[in-house]
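Peer 1: Chain B with the ligand: place on chain A using the hints.
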Amino acid sequence: MKSKTLFDKIWDSHVVRSIENGPDVLYIDRHYIHEVTSPQAFNGLKERGIPVFRPGKTLATADHNIPTKNQHLPIHDQLSRNQVERLTENCQKYGIELFGLNDPKNGIVHVIGPELGYTLPGMTIVCGDSHTSTHGAFGTIAFGIGTSEVEMVLATQCILQPKPKKMRITLDGELHKGVTSKDIIMHIISEISASGATGYFIEYCGSAIRKLSMEARMTICNMSIEMGARGGLIAPDETTFEYLKKLSSIPGIKDINSSVNEWKKLQSDFDALFDRDLKFDAGLIKPMITYGTNPGMGMAIDDSIPMSDAIGNQASSSFIKSLDYMGFKPGMKLLGLSVDYVFIGSCTNGRIEDFRAFAQIIRGRKKAGNITALIVPGSKKVEDQMVAEGLIELYKNAGFEVRQPGCSSCLAMNEDKIPQGKYAVSTSNRNFEGRQGPGSRTLLASPLTAAAAAITGRITDPREFITEEKKVKK
Amino acid sequence: MPKVKFDILESTCVPLPFENIDTDQIIPARFLSATSRQGFGDNLFRDWRYKKNGEKNNEFVLNNPKFNGKVLVAGKNFGSGSSREHAVWAIFDYGFRAVVSSFFADIFMNNALNNGLLPIVISDDLLKKLHGMIQIDPGTKVKIDLEKQTFTILSAGDSVKFAINPYKKECLLKGLDDIDFLLSMKSQITSYENNKSLVK
Ligand code: SF4
Numbered sequence: 001m002k003s004k005t006l007f008d009k010i011w012d013s014h015v016v017r018s019i020e021n022g023p024d025v026l027y028i029d030r031h032y033i034h035e036v037t038s039p040q041a042f043n044g045l046k047e048r049g050i051p052v053f054r055p056g057k058t059l060a061t062a063d064h065n066i067p068t069k070n071q072h073l074p075i076h077d078q079l080s081r082n083q084v085e086r087l088t089e090n091c092q093k094y095g096i097e098l099f100g101l102n103d104p105k106n107g108i109v110h111v112i113g114p115e116l117g118y119t120l121p122g123m124t125i126v127c128g129d130s131h132t133s134t135h136g137a138f139g140t141i142a143f144g145i146g147t148s149e150v151e152m153v154l155a156t157q158c159i160l161q162p163k164p165k166k167m168r169i170t171l172d173g174e175l176h177k178g179v180t181s182k183d184i185i186m187h188i189i190s191e192i193s194a195s196g197a198t199g200y201f202i203e204y205c206g207s208a209i210r211k212l213s214m215e216a217r218m219t220i221c222n223m224s225i226e227m228g229a230r231g232g233l234i235a236p237d238e239t240t241f242e243y244l245k246k247l248s249s250i251p252g253i254k255d256i257n258s259s260v261n262e263w264k265k266l267q268s269d270f271d272a273l274f275d276r277d278l279k280f281d282a283g284l285i286k287p288m289i290t291y292g293t294n295p296g297m298g299m300a301i302d303d304s305i306p307m308s309d310a311i312g313n314q315a316s317s318s319f320i321k322s323l324d325y326m327g328f329k330p331g332m333k334l335l336g337l338s339v340d341y342v343f344i345g346s347c348t349n350g351r352i353e354d355f356r357a358f359a360q361i362i363r364g365r366k367k368a369g370n371i372t373a374l375i376v377p378g379s380k381k382v383e384d385q386m387v388a389e390g391l392i393e394l395y396k397n398a399g400f401e402v403r404q405p406g407c408s409s410c411l412a413m414n415e416d417k418i419p420q421g422k423y424a425v426s427t428s429n430r431n432f433e434g435r436q437g438p439g440s441r442t443l444l445a446s447p448l449t450a451a452a453a454a455i456t457g458r459i460t461d462p463r464e465f466i467t468e469e470k471k472v473k474k
Numbered sequence: 475m476p477k478v479k480f481d482i483l484e485s486t487c488v489p490l491p492f493e494n495i496d497t498d499q500i501i502p503a504r505f506l507s508a509t510s511r512q513g514f515g516d517n518l519f520r521d522w523r524y525k526k527n528g529e530k531n532n533e534f535v536l537n538n539p540k541f542n543g544k545v546l547v548a549g550k551n552f553g554s555g556s557s558r559e560h561a562v563w564a565i566f567d568y569g570f571r572a573v574v575s576s577f578f579a580d581i582f583m584n585n586a587l588n589n590g591l592l593p594i595v596i597s598d599d600l601l602k603k604l605h606g607m608i609q610i611d612p613g614t615k616v617k618i619d620l621e622k623q624t625f626t627i628l629s630a631g632d633s634v635k636f637a638i639n640p641y642k643k644e645c646l647l648k649g650l651d652d653i654d655f656l657l658s659m660k661s662q663i664t665s666y667e668n669n670k671s672l673v674k
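Keeping their order, the protein sequence lines are chains A and B.
The first sequence begins at 1 in the working numbering and counts up one residue at a time.
The second sequence begins at 475 in the working numbering and counts up one residue at a time.
These are calculated hints, taken from the structure and not from any lab test.
The beta carbon of each residue, even a glycine, is placed where N, CA and C say it ideally should be.
Some hints here could point you the wrong way.
Some chain B residues close to chain A (C-beta under 8 Å, calculated; not the full set) [unchecked claim]:
#	residue
1	Thr509
2	Arg511
3	Asn639
4	Ile653
5	Met659
6	Ser661
Bound conformation, chain A alone (with noise of 0.2 Å):
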């Protein structure tokens, strides 16, 4: 038999059937909505006077257009409330489990996914929203889709899609200290563009990749799309059955010990083929920061700003009005800069040890005085956990405020926006022109570095403060 990625052996599992010329119907085992990208979606199958085909299959949650302040009150925003209360009511009358606001179980998508035991390695997973790319972590096919993909797998459990190329990247050596894995797939964009790897699914190995936990994966996941990829998946091995193994219930499944025996079938061939091979050195790594408005424009941390575009020869228009939106020039550097905004949360970095990484450089410190920090957890057990173990106290005594979960300042829906102008040193995935708020400054780094950016109100090298821990140690 020809060999397969594990990509391969995932997808031809899941192909219905295959069109001639045309795209393959491709089966969906777990679909996850929100409130922004399902309405229209249910007002289709209205219109056909159709149901949901197996509502069993999806789950739904409030996430993108919710408050973080007072969310036992009512919705203030009128509009934001009738997309949430129009969810509610599709959930009930199709029978779609949901944990809207409120719910122990809430949170943003891609943080509660994983952590119920929802996603689970072999999978097909699709949800409306492009960062579904998380969920490759436990060795899923995960991917993104538009709202008129949505009514399809509601109206039939499949959807329509082309097969995507393969890719492989490979992460060998050791991660210096302070060094993270948003530093690793921010390095890895910033190398290949924001556009690098469109048309590809992408396959993360070698042994960097295997020690990070299951959180750092779901980063490296998360992120993905940042490159144009349509996803990224890590094969699965001991860190994720000893995740899903911790997790008090998985829905489904009774024996754990032998759904693992199938699991671990899910590898790649030695000899698969893929369509592009890249290899990293993780030792050459360092802190990263994006200085331009998309996740391929970053750089080291005590690097310069390019003079010219990094991956066209020339300073090109788009990079020039890039450069003049964050209010920098070529060949500057941003150690030092001072900042007005910290955003600790979203679907990349809203994880339990997120905020432990945060906590690592707080602890016994103060929250610079220019500083507006918005510390946002990913879901309400995240929150419960950041409880159990004390950071809520601690970043209390450091100044800090802790949120509701949400997205929050990620995309900005709510009232979470950084103003005109501001800089905010943000641990979401995109510095897009405004995407933060109109006219806001996003400059995306790790949780270490923004803790670093909180206590200094400037931009600082977080393996300053990782040293000197060390130190206090010795």
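Peer 2: Chain B with the ligand alone, transformed into the frame defined by chain A:
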């Protein structure tokens, strides 16, 4: 999913020669609270079209009466970022029927095809030439023939073939709809489930 037909389109163009235009620029998140597909055209490129004080930005191409037409000619890597289909709805609602670029983001491409907005990929060189021509003569017309898969700059006579998935082409030419097609496969889907589905 609306049923839209597409066959031949002849039109002037609106140029937007920037690279990496993401869907947050096409329609900012704060305008995504609606629950129907209509009306998004008013907020297309909102933060480029209007100044901070709410006044029209006369420098932006959509506010320049010199340029109009049903074809948006963008820069490389158009439609990256968020999967929001609202971006396609906004472009369509504004009156565009095709977008031309040398490179599209995957999800945008699917969303466009699912809504009868034709994404046409041409070479970097031709795209550059077209932008140059539109700047000199805003009356520059292009012709898109879906059946023949040709894209022609009428005044220059440049005519190139563009690629489109044959299945999608047929859907657009005939105004067919994916969901009707999938619904007609119900029994096949059910038998797949009985044999293979991982999540029972
Ligand atoms: S946190 Fe940001 S990127 Fe993630 S789902 Fe929410 S809006 Fe999208």
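Peer 1: Should the hint that Arg511(B) touches chain A count as held when the rule is a Cβ pair under 8 Å?
Peer 2: holds (5 Å)
Peer 1: Could you check if Met659(B) really has its C-beta closer than 8 Å to a C-beta on chain A?
Peer 2: holds (7 Å)
Peer 1: Do the numbers back the hint for Asn639(B), that is, is its least Cβ distance to chain A under 8 Å?
Peer 2: holds (6 Å)
Peer 1: Once the shortest beta carbon distance from Thr509(B) to chain A is found, is it less than 8 Å?
Peer 2: holds (4 Å)
Peer 1: Go through the hint on Ser661(B) and say holds or violated, using the shortest Cβ distance to chain A against 8 Å.
Peer 2: Since chain A brings no Cβ nearer than about 11 Å to Ser661(B), farther than 8 Å, the hint is violated.
Peer 1: Ile653(B) was flagged as interface toward chain A. Is the shortest Cβ-Cβ separation under 8 Å?
Peer 2: Interface hint status for Ile653(B): holds (5 Å vs cutoff 8 Å).
The structure fails to meet hint 6 from the earlier list, while all remaining hints are met.
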